Each structure stands twice: as C-alpha cells, then as structure tokens.
Amino acid sequence: MTGPAGRPAPLIDEEATPATSVAEERISVATQWQLMWWRFKKHRLAMASTVVVLLFYVVVIFADFLAYSNPLASEAQRSLLPPQRIHWFDEGRFSPHVYGFTGMRDPNTFKRVYTPDVNKKIPVRFFVRGFEYRPFGLIPMSLHLIGVEGAIPEESLFLLGTDEQGRDLWSRLMYGTQTSLIIGLVGVSLSLLLGVFLGGISGLYGGILDTVIQRVIEILRSIPTIPLWMGLAAALPNDWSVTQVYFAITIIISLIGWTELARVVRGRFLSLRQEDFVMAAELCGCGQMRIIFTHLVPSFLSHIIAATTLAVPAMIISETSLSFLGLGLRPPAISWGVLLQQAQNIQALAISPWLLIPSIPVTIVILAFNFMGDGLRDAADPYGH
Amino acid sequence: MLAYLVRRLILAVLTMWAVSVLSFVVIQLPPGDYITSYIAQMSSSGSFVSEQEANALRQQYGLDQPQYIQYIRWMKMVVHGNFGMALEYGRPVAEVIGDRIYLTMVVSVAAIIFTWCAALPIGVYSAVRQYSFGDYVATFIGFIGLAIPSFMLALILMYFGFTLFNANIGGLFSDEFAEASWSLAKLWDLTKHLPLPAVILGLAGTAQLIRIMRANLLDELGKPYVVTARARGLSEARLIIKYPVRVALNPFASTIGYLLPYVVSGSIIVSLVLSLPTVGPLLLKSLVAQDMFLAGTIVLLLGVMTVIGTFLSDLLLMWIDPRIRFEGKQ
Amino acid sequence: MSASAPILSVRDLKTYFFPDEGIVKAVDGASFDLLPQTTLGIVGESGCGKSVTARSILRIVERPGRIVGGTILLQKNGSQVDLAQLDPSSPEMRQVRGGEIGLVFQEPMTSFSPVHTIGNQIIETIRLHHPVSKQEARERAIAAFGSVGIPKPERRIDEFAFELSGGLRQRAMIAMALSCGPRILIADEPTTALDVTTQAQILDLLRSLQEREGMTIILITHNLGVVAEMCDTVVVMYLGRVVEEGSVDAIFHNAKHPYTQALLRSIPSIRSIARTELPTIAGSIPHPYNRPAGCPFYPRCPDFKPGVCDKAEPGLTVLGDGQAVSCFLYERT
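Chains as they are written, first to last, in the working numbering: chain D, 1 to 385; chain W, 1 to 330; chain G, 1 to 333.
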C-alpha cells in the first residue's frame with residue numbers, strides 16, 4: 001500500500017503526545033533558589049557538612065551551658081591531669097561516674113603523675129548547677145549540661161584533662177570554639193564588605209579605578225602577607241584590653257581575606273556587565289541603582305555566598321595561627337590558637353598529648369566549611385549546565 | 001612577548017616598592033621610635049640616657065623628620081646594603097639574618113617543587129580516572145593538606161616522631177653541621193633534612209593544585225582536539241599527556257606566582273614549630289622584642305625575594321605557553 | 001572483488017549512552033552500505049545520531065556511551081574486519097583511525113591543539129602510521145598541505161592554528177585527515193562553521209580529492225543543499241534510526257518516508273508561491289529520555305496510523321533501485 005504522498009502536514013498535530021514530563025515542568029517553573037537548593041541537596045557531602053557547621057554554631061550559642069568548669073579558674077594542684085573516661089554503669093545500675101586521681105611524684109622526672117583511683121568514684125550528673133554565667137550578658141544562669149554536684153577542686157570532672165595551669169580543657173574548648181567561630185564569622189563579614197565594595201566599584205565602573213584596585217589586589221596577593229599581619233598584630237599596644245585586642249585581631253584577619261572576595265565580585269560584575277539582559281534593562285530606561293540591585297545582584301549573589309563560605313576557613317586558620325604565635329588574642333581570652341599555644345613545647349606535649357585535642361575541631365570545621373562551600377559553588381549556577 | 005615581559009617587570013618593580021613602604025610601616029608602627037626602645041634597653045642594663053642625649057640621638061638619626069623623609073633615608077641605607085642595627089643582638093641586622101633568608105627561600109622552593117611533583121600526576125590521574133578508587137585516595141590526600149593548617153600538621157608529626165621514634169624531626173641540619181661553614185657535606189645534610197619541611201609546607205598548596213589540575217583537565221578532555229587526536233590513531237596515554245595535559249598546564253603554571261608568597265608565609269610559622277634556622281623564628285622574636293629594624297628588614301627581604309621568584313615563574317610561563325609569545329602580534 | 005561490494009557496511013548499529021539519569025539510545029539500529037569511490041550523505045536534525053554514528057565507526061565514542069550491538073564491516077586487505085568487535089585501544093583499531101578512515105570535524109579551530117604547531121600534529125600522525133623519518137614526514141606534510149590548496153605550505157607548517165584563517169584551517173584539517181592515505185574520509189559538518197564562499201571552496205576541494213585519489217566520503221550534514229551538490233547516496237536519520245536511504249535522485253525527487261518529505265518541503269524554494277507560510281515539521285524532537293514507543297517519528301507524522309505506528313518499530317523495507325524506507329506505509333504485510 002502506498003501512502004498519500006505530498007499531503008501538506010497540518011500545522012498543529014492534535015494527536016501528538018506532549019514530550020515534556022512532569023519533572024521537566026517542575027524544573028522550568030522553579031525559581032533560581034529552588035534550583036540551587038535541589039542541586040545542593042544532591043551533594044551529600046555538602047549537606048552533611050552543613051549539618052556539622054550548624055552543630056558547631058550550636059556550641060557557639062550554648063558554650064556556657066556545655067562547659068562545666070570556670071575556664072579561667074586555675075588550680076595548680078590539678079595541673080596536667082589526663083582526660084577521664086565516663087563509666088556509665090556502676091555494678092549493673094545506670095550511674096555515670098568518673099574515677100578520681102591520686103597523685104604521686106615520679107621518682108625519675110620529679111613530675112607529678114596522676115593515676116585513676118578506682119576507689120574514688122565521683123558521680124556525674126546531667127543538668128547540674130555549676131558556676132554562674134550570663135548568656136548574651138543578660139540574666140544570670142548556672143545550669144550546665146553535665147557536671148559534678150557540689151564539685152570540689154580536687155574531685156571534679158575533667159573530660160579532656162587539664163592544662164598546665166589546671167584549667168579544665170573541655171570547658172576551655174567550648175569557649176575557645178565560641179570565640180574562634182565568632183571571630184571567623186565577623187572577620188569574613190568584614191572581608192565581604194570590603195571585597196564587595198572594592199570589587200564592585202572595580203567591576204562596575206572600570207577605568208582608572210579598576211586598574212588601581214586591581215593592581216593593589218595583585219600586589220597584595222604576590223607578597224607574603226603573614227609577616228605583615230604579624231607586624232600589625234605585634235604593634236598592638238600591650239595595655240589594650242582583651243576586647244580591644246579582640247576587635248583589632250578581627251579587623252586584621254579580615255584584611256587577609258578581602259582580596260579573594262574582591263576578585264570574585266569583580267569578575268562577576270565584569271562578565272555580567274556584558275550580558276544582554278543588562279543592556280536590555282538599560283534600554284528600558286532602568287536607573288543605575290535599579291540595574292545593580294534588581295538585575296545584577298541576584299545573578300551573582302549565589303556565587304558570593306559560595307565564595308564567602310570558602311573564605312571562612314582562611315579566617316579561622318589566620319586567627320588560630322596568630323594566637324598560636326602569641327601575637328593574636330591574649331590571655332585571658334580563649335580561642336583555638338590560644339589553646340594550641342600550650343602544645344608548642346614538644347617535651348610537654350609528649351607527656352600530655354591531650355593538649356593537642358583542640359586541633360581536631362579546627363580540622364573538622366575547616367573541612368566542613370570547604371565541603372559546604374564546594375557544594376554551594378557547584379549549585380550556584382543552576383542554569384550553567 | 002616583549003609587551004608581556006615589560007608589563008610583568010613594571011609590576012614587579014611596583015610590588016617591590018609597595019613592599020618597602022609596607023615594611024617601613026611595620027617598622028614605624030609600634031608606639032615610640034627606635035630611640036625609645038634604645039633607651040628602654042639601656043636602662044634595663046643599668047645605663048641612663050638623659051633627655052638631651054635622647055634628642056641629640058633623635059636628630060642624628062633623623063627621627064625628628066617627617067615620615068616620608070625617614071623612609072627615603074631608610075631606603076638609601078637599604079640600597080647600600082646597610083639594614084641598620086639589631087637592638088637585642090647589638091649587631092648589624094644583615095649579620096643577624098645571615099643565611100636564614102636564603103634557607104627560607106630554599107625551604108619554600110623545595111615545598112613548591114614537592115607540590116608540583118605531587119599535584120600534577122595526582123591531578124591528571126584524578127581527572128582521567130574519575131570516580132575510581134585512586135581518585136578518592138588522591139582527593140583524600142588533598143583534603144588532609146587542605147584541612148590541617150601546616151603548623152598543626154608539623155605539631156602532630158613532631159609529636160608522633162618524638163613518641164613513636166624518639167626522634168626529633170625538626171631542624172634543617174644535623175648537630176655537627178649546624179654551625180659549620182658551607183661545604184658539600186653540609187649541602188648534602190641539608191638535602192636530607194629538606195623533605196619533611198617541604199612536604200608539611202607543600203601539602204596545603206597541593207590540595208589546591210590538585211583541584212585546579214583536575215578541573216582544568218576535565219575541561220580540556222572534552223574538547224574537539226582531544227577527539228581529533230584519538231581519531232588520528234594516537235594511543236590514549238600518549239595523547240592525554242601530549243595534548244590536554246599540556247594545555248591544562250598553563251593555568252597550573254600561573255599558580256606558582258601565588259603559591260610562592262603563600263608558602264613563604266606558611267614557612268614562618270612552620271619553622272617555629274620545627275625549629276628550622278630560617279627567618280621565621282627570628283621574625284617572631286624581633287616582633288615581640290619590638291626590634292623594629294630587624295623585623296622590618298626581614299619583611300622587606302621576604303617580599304623582595306618573593307617578587308623575584310614570581311617574576312622568574314612568569315618567565316617560565318612565557319616559555320610554556322606560545323600564545324603569550326604571540327600576544328599583540330595579530 | 002567486484003566494484004560494487006561495499007567498502008564499509010554498517011548493520012543494525014546500536015550505540016547507547018548510560019548517564020546517571022537514564023539510557024540515551026543515540027543510535028538505535030542504523031544500517032547502511034558505503035560503496036567505494038562514492039559520497040554518502042547522512043542527513044538529519046541535530047540530535048538524530050549522525051555524529052555518534054561517525055564516532056562509533058571509529059570507536060571513539062566517549063563514556064558513558066558504548067556500542068551495544070550491531071556490526072561495522074570494513075573491507076581491508078581482501079578480508080572483512082568487524083570494527084565493532086575490536087578493542088578501541090588496540091593497535092589494530094588505532095591503525096584504522098587515520099590509516100584507513102580519516103575524520104574531519106566541524107570546528108577546525110578547536111580541532112587543533114592550541115599549543116602545538118599544525119606541522120607538529122600532522123607529522124606526528126604521519127609517523128604514527130608510516131615508518132618514516134622526521135624529514136620525510138615533514139616533506140609529506142608539506143605535500144599534503146599543497147594538495148589541499150594551502151599556499152606557501154612550507155611556511156604554514158610551522159604555524160599555530162590560531163594564525164590561520166577559518167578556510168585555511170579547514171583545509172589543514174582535511175590535509176591532516178588525509179595525510180596517511182585513508183580510503184575513507186568522514187566529514188562531520190565540514191562546512192557548517194564556514195561562510196558560504198569558503199563553503200563552496202571546501203566542497204570543491206573534497207570533490208577534486210575524490211576524483212584524484214579515488215576516495216570514498218561520508219558527508220554528515222543537516223544542509224540538504226550540500227547533500228544535493230555532493231552526494232551520490234543519501235541516508236536519512238531520525239532519533240538514531242535510518243528512516244530512508246537511496247540515491248540522491250531518488251531521495252530528492254521521490255522521497256518515500258514522511259519525514260524526508262517534510263524535510264524537503266521545508267526547504268525554501270525560489271519557485272514557491274510568494275506570501276505563503278513556510279512549511280515546518282509539527283512538534284519537536286522528543287527528549288532523549290522520553291522516546292516514543294514504536295516508530296520514533298509517529299508523534300509528528302502526518303500519516304500516523306494509530307494502533308500501528310505506536311505499537312511496533314518498522315523494519316527497513318527495500319523498494320528496489322537501492323532505495324529503502326523504514327515506514328509502515330510501505331511495509332508489505
């Protein structure tokens with residue numbers, strides 16, 4: 001049978017089935033942020049890392065509650081105690097406790113050596129009243145997650161051991177985490193402000209301003225900057241208060257990271273400026289401000305968020321390094337770097353390896369922020385693929 | 001090509017000037033000046049400096065002049081190789097710094113060489129055998145470098161070295177050679193001690209570079225000239241190395257420029273932990289003691305050496321990428 | 001060996017891609033014969049599988065794709081080799097690439113390495129397939145450049161791809177593909193990236209090469225004008241299947257498949273009545289993951305027969321005189 005050749009094709013074929021599926025429909029009407037979220041969700045490592053980061057910031061908020069010992073209370077008698085294990089059952093019953101210590105002098109090194117004393121069972125309770133604190137500087141509270149009721153200095157809880165001055169490391173680690181992460185956040189925010197401002201001007205207006213800013217960024221990138229920041233930090237007068245030093249250090253480390261952010265922002269602005277939709281907006285008569293905020297900003301916002309997240313680890317490393325050197329935060333301030341400073345002496349470290357424990361949260365947080373930033377960066381351009 | 005060279009040269013000179021200004025700022029930053037510290041030092045050792053003497057000294061050193069004049073004076077000194085006196089040591093700065101600055105560069109360059117040798121093959125392998133077991137191992141190594149700041153890595157390794165092997169893994173020289181004058185034997189001793197600091201310093205940059213190489217190579221692997229090479233009958237291994245790796249090498253090579261300052265920076269802190277006889281520990285001590293001529297000079301020298309190193313890497317880049325040679329021709 | 005035995009015979013070729021999202025049947029049962037010293041045109045819209053077919057022949061299909069079925073029979077030294085069975089990285093297959101079958105791409109700029117001279121690349125190819133010295137290879141390369149009409153070949157050979165104009169680059173590409181004397185040349189959209197004048201020159205070049213060297217050419221294009229000008233036989237592909245094949249005259253004057261007819265109708269003609277709408281093909285190419293069951297063309301076919309076309313896939317029906325069509329309208333029950 002031969003077919004009807006030469007019959008004109010109808011323009012609309014009612015019997016043809018539409019090829020788009022439900023999934024395609026959803027994709028085509030989703031907003032930019034929804035698309036980003038879906039891409040981000042697929043990146044399981046990034047999702048897990050975000051959870052980790054959020055957990056860390058829970059610690060930041062509840063540091064007082066999670067600590068059980070006044071981080072500043074030094075007690076020479078408890079110097080360099082090793083970490084205690086919590087034993088959950090006492091003769092079959094659920095009764096968490098730790099063993100107290102008996103100390104003796106090691107005849108060889110003349111140092112005090114502590115051994116757990118099985119006879120001294122110190123009960124551990126949850127939601128205990130301990131030292132007083134003021135969350136956010138408001139009402140005084142004294143509830144802590146874990147602790148020993150009515151603790152006396154010699155018979156207390158030391159989950160991570162003590163440092164050379166007898167201060168409990170777990171509590172200090174809680175406060176150290178709080179400080180380091182807050183500085184990291186504030187530092188990156190300042191960097192972001194500086195970076196967006198300078199990078200924005202550079203990318204948007206071009207010309208001489210762009211050349212100058214670009215050269216400045218290139219110069220800063222091509223010289224070793226740690227000596228500079230060390231110099232700056234060392235120049236802080238010795239008589240400044242802890243808070244003043246705190247702010248100054250935050251500003252110093254924000255000066256470390258702005259160049260990267262400025263580069264990203266400038267790059268984005270430059271490429272966006274050429275886009276047709278910007279020209280279309282101009283032709284419609286949109287003013288500069290409207291073009292910037294309504295049209296340009298949403299396009300690069302996601303990239304900026306990704307770049308900022310990736311910049312946080314550098315902030316944390318900077319503060320930790322500076323404090324480790326003794327040039328950053330000064331006692332009685334506590335940060336990860338300050339805690340690690342105690343581990344500088346290798347002989348001391350050999351006897352008390354728990355002093356290195358603060359390096360674990362540092363590593364975890366840096367990894368987490370990196371993975372999170374990676375995921376954000378991959379998801380940042382949902383229309384890219 | 002000439003335009004490129006000239007551009008990079010001008011940038012290098014500009015950067016060195018910026019470094020000198022910044023170093024000068026570092027010198028002048030702490031409250032008080034050279035004379036204040038001098039007086040403090042003198043009084044701690046028992047002598048007393050009167051107000052008159054102090055002012056006379058100030059005039060002599062030109063410390064009563066406005067900042068920019070002082071800067072010019074300092075620059076003039078520096079250009080003649082006179083870096084001033086190191087307060088605490090009572091000796092000229094140049095003497096105190098001595099070999100340290102060269103050793104700093106040696107360690108930094110060693111770290112960069114390690115970074116390259118590690119990142120290049122790992123990056124290539126990662127891209128070509130995506131999602132394979134080797135890829136994951138490589139990525140993991142990269143992440144160690146990324147997540148652990150170099151000084152922490154140094155601390156941890158020192159701890160294990162000490163407790164497990166009862167060895168002190170720090171230092172760049174064995175005891176016999178530490179103070180000895182340079183000889184071939186000393187050079188060999190140095191080479192034996194270099195790998196550990198080089199790896200510790202270089203690991204952080206390795207992670208970065210592996211990522212860059214992997215991303216660049218993945219980009220290039222899909223391009224038509226790779227398919228054409230395959231269609232011409234080249235074997236897979238050969239064509240990958242000759243073509244896309246070569247092209248992906250360009251952005252890779254340009255990273256040296258920013259790797260060097262990063263590594264030099266890192267070496268400051270790592271050399272403290274590992275007790276390396278480089279500029280790091282000296283810088284820290286001078287900053288803490290507010291020995292500003294010493295500190296400022298170290299900052300200046302570090303900057304200058306880095307700029308020179310970066311410029312050399314620019315020349316290298318020019319040799320690798322023919323497209324730069326042709327810039328401006330058409 | 002009779003002159004009408006095909007030099008290359010593709011039978012029921014199936015090349016599928018296996019990305020995470022699903023299976024893409026890029027080529028789903030394509031069959032055609034290539035007669036020596038003729039030009040075969042493979043036509044179709046973008047995404048119909050023409051390029052994948054070419055790459056399948058040369059076994060350079062990239063992951064996550066691979067050949068899952070069919071045979072590709074190449075006449076070699078008096079016997080037949082099934083290219084589909086060879087290991088893609090084997091020396092035998094690599095010898096076929098460039099040595100027996102050459103490939104010319106659409107984008108001459110990006111087909112050359114940006115950091116090597118074109119001479120370097122063509123000399124490398126020559127020495128890969130023939131045991132000659134560098135000097136000898138260089139001379140052959142210069143000769144190849146000359147034969148494709150590149151002026152001052154001894155100078156051009158040391159230049160980089162970005163130093164040549166578009167037309168010269170395409171000639172260089174052709175020279176490189178032919179440098180080892182392959183009997184078959186596959187040209188994948190060789191003129192699409194060129195302006196019309198250069199297009200004509202390149203087509204002339206291809207034709208003269210065929211006459212001079214007795215080459216067989218597979219020309220892949222979506223441009224029916226080029227097909228009419230250059231080809232002896234035509235294969236029309238849609239969604240990975242051959243829907244019609246035949247001599248160029250048969251196809252252009254006596255197209256049988258509704259798709260071919262629609263394609264031909266949509267060519268703007270100088271003879272059409274002014275002020276009438278240009279006929280188009282209804283609908284659009286389905287999403288690769290959403291292939292219709294049965295005949296791939298039925299959703300857009302004006303002659304769609306419900307219950308027949310959406311149930312089974314039509315086989316290739318030979319209509320005589322070398323023309324074959326894959327459509328239920330012609331299937332003998």
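Source of the hints: derived by calculation from the structure; they are not laboratory data. The model shown is predicted, which means the values in this text are computed figures rather than measured ones. Do not rely on the hints blindly, as some may be mistaken.
[What the hints assert, rightly or not] Below are the DSBU-like pairs computed for lysine-lysine, each with C-alpha atoms no more than 30 Å apart in a straight line:
(1) G:25 - W:223
(2) G:311 - G:14
(3) W:242 - G:134
(4) D:42 - W:223
(5) G:134 - W:223
(6) D:41 - G:76
(7) W:242 - G:152
(8) W:76 - W:186
(9) G:25 - D:42
(10) G:14 - W:223
[As the list claims (entries may be wrong)] Which bits of chain G does chain W cover? Going by a derived footprint, with three or more residues having C-beta under 8 Å, they are:
(11) 88 to 96
(12) 125 to 135
(13) 312 to 320
Quick reminder that beta carbons are idealized off the backbone N, C-alpha and C, glycines included.
For this structure, which hints from the list above don't hold up? 6, 8, 13
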